[in-house]
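Here the protein sequences come in this chain order: B and R.
Sequential numbering from -10 applies to the first sequence in this note's numbering.
Sequential numbering from 4 applies to the second sequence in this note's numbering.
Hint data in this document are derived by calculation from the structure and do not stem from the laboratory.
Fair warning: there could be bad hints in the mix.
Unchecked claim - Here are the simulated BS3-like cross-link-like pairs (lysine-lysine), alpha carbons at most 25 Å apart as the crow flies:
id, chain 1, residue 1, chain 2, residue 2
1, R, Lys42, R, Lys111
2, B, Lys33, R, Lys48
3, B, Lys2, B, Lys71
4, B, Lys71, R, Lys45
5, R, Lys45, R, Lys107
6, R, Lys111, R, Lys45
7, B, Lys65, R, Lys111
8, B, Lys33, R, Lys42
9, B, Lys33, R, Lys111
10, B, Lys71, B, Lys54
11, R, Lys48, R, Lys107
12, B, Lys71, B, Lys33
13, B, Lys2, B, Lys54
14, B, Lys33, B, Lys65
15, R, Lys48, R, Lys111
16, R, Lys42, R, Lys107
17, B, Lys54, B, Lys33
18, R, Lys107, B, Lys33
Being a predicted model, the structure only gives us computed values, none of them experimental.
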Amino acid sequence: QVQLQASGPGLVKSSETLSLTCTVSGYSITSGFYWGWVRQPPGKGLEWIGNIYHGGSTYYNPPLKSRVTVSMDTSKNQFSLKLTSVTAADTAVYYCARAGYTGYDPFHYWGHGTLVTVSS
Amino acid sequence: DIQMTQSPATLSASVGDRVTITCRASQTISRWLAWYQQKPGKAPKLLIYDASSLESGVPSRFSGSGSGIEFTLTISSLQPDDFATYYCQQYNSYSPLTFGGGTKVDIK
Chain B
-10 QVQLQASGPG LVKSSETLSL TCTVSGYSIT SGFYWGWVRQ PPGKGLEWIG
40 NIYHGGSTYY NPPLKSRVTV SMDTSKNQFS LKLTSVTAAD TAVYYCARAG
90 YTGYDPFHYW GHGTLVTVSS
Chain R
4 DIQMTQSPAT LSASVGDRVT ITCRASQTIS RWLAWYQQKP GKAPKLLIYD
54 ASSLESGVPS RFSGSGSGIE FTLTISSLQP DDFATYYCQQ YNSYSPLTFG
104 GGTKVDIK
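The shape of chain R in the complex, shown without the other chains (with noise of 0.2 Å):
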């Protein structure tokens, strides 16, 4: 299986912050990753897919870039809507579907 690894577990942001998390895969995945947002009690939102496709309804202040074992998601500024959890997980063909152990991004 690809395991993937994000850093860093927990971040600490202010209003504003450019704030980046990364995502790391055992192997290549080619563009086969996507990022999600998750707010306690609530269901995963999918924000990005194909590495870098923005979904639809997403604010552009979320942007998401890499290729082959490592990816970023970039917030340029942080709004407080945007203090979660953030994942990510590889759809690579053939491969069962892995996500990232999270990171968490809370107020300074």
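Isolated chain B, as found in the complex (with noise of 0.2 Å):
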């Protein structure tokens, strides 16, 4: 069964850089299907991010795109969410998910998500 854990700081000053890693257990991440970030604002709905594929194909959600950067590092079995320029909006429980086989697919299996504040 696979499993995937995000990690990283709970707490980023604002104008810096989030970053977060996700590691994925029970399935190898070359083996196929695209992985992602969704994030939750407190008390709003969900966001999509991004997606990427080992091969190196990355889809992004529009309004984020120019801050966002997700990679793998598949020696690792992990993948990795980078947003530059981070402001209180960013704040919210950030998931890492697997999708499908193509990058517009349902995500099936879903991280227990970590909260990243941004802070003035």
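Using the hints, put the two standalone chains together into the complex.
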């Protein structure tokens, strides 16, 4: 059974870069499927951030595209999120998840999520 | 981007009730729609994909229908474990993935 666990600093200063890592167990991230990030501000709905495939293909949400990078470290079976120039609006629970075989698929498996607070 | 509008925003129901939640897309998405259940402090859980396919392990009281722009999630007989917030998500090719605003199902 695939399991995902997001980790990273829980507090980031405004204008700095948010960096999170998702560690995958029970499945090799090079064996197929897209992997992605979704966030949820406190008390609000879900927002897709971006997806990545081990072949290098990435898809980003246009409003965030200029600030987002999703990458993979296949040697560690991890994928990562970097979000630059953060503001209070980026405060959210960040989830990593496994999608399907394309960049446009639902998310079948989710990690528990990690809260990131942007402070001024 | 494709906007997803869910209704109602909140739904009060009793155990045993039949519950229906609607999701409308701003443009046609064929059957590229998923439904998720989220409980407080937990990650979303996929219930339905491709509008009507039941995810493995999900109880059969959950069903989905629709195509094009209008979709529904139905819980045939609401159980205590079903009180949660439900989200729809569209995944039409070459469009950014987007979620509906959510429907909270609470106890009447």
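Hint check:
no.	hint	in the structure
1	R:Lys42 / R:Lys111	holds (17 Å)
2	B:Lys33 / R:Lys48	holds (17 Å)
3	B:Lys2 / B:Lys71	holds (14 Å)
4	B:Lys71 / R:Lys45	holds (23 Å)
5	R:Lys45 / R:Lys107	holds (14 Å)
6	R:Lys111 / R:Lys45	holds (23 Å)
7	B:Lys65 / R:Lys111	violated (48 Å)
8	B:Lys33 / R:Lys42	holds (13 Å)
9	B:Lys33 / R:Lys111	holds (23 Å)
10	B:Lys71 / B:Lys54	holds (11 Å)
11	R:Lys48 / R:Lys107	holds (15 Å)
12	B:Lys71 / B:Lys33	holds (22 Å)
13	B:Lys2 / B:Lys54	holds (20 Å)
14	B:Lys33 / B:Lys65	violated (32 Å)
15	R:Lys48 / R:Lys111	holds (24 Å)
16	R:Lys42 / R:Lys107	holds (10 Å)
17	B:Lys54 / B:Lys33	holds (21 Å)
18	R:Lys107 / B:Lys33	holds (12 Å)
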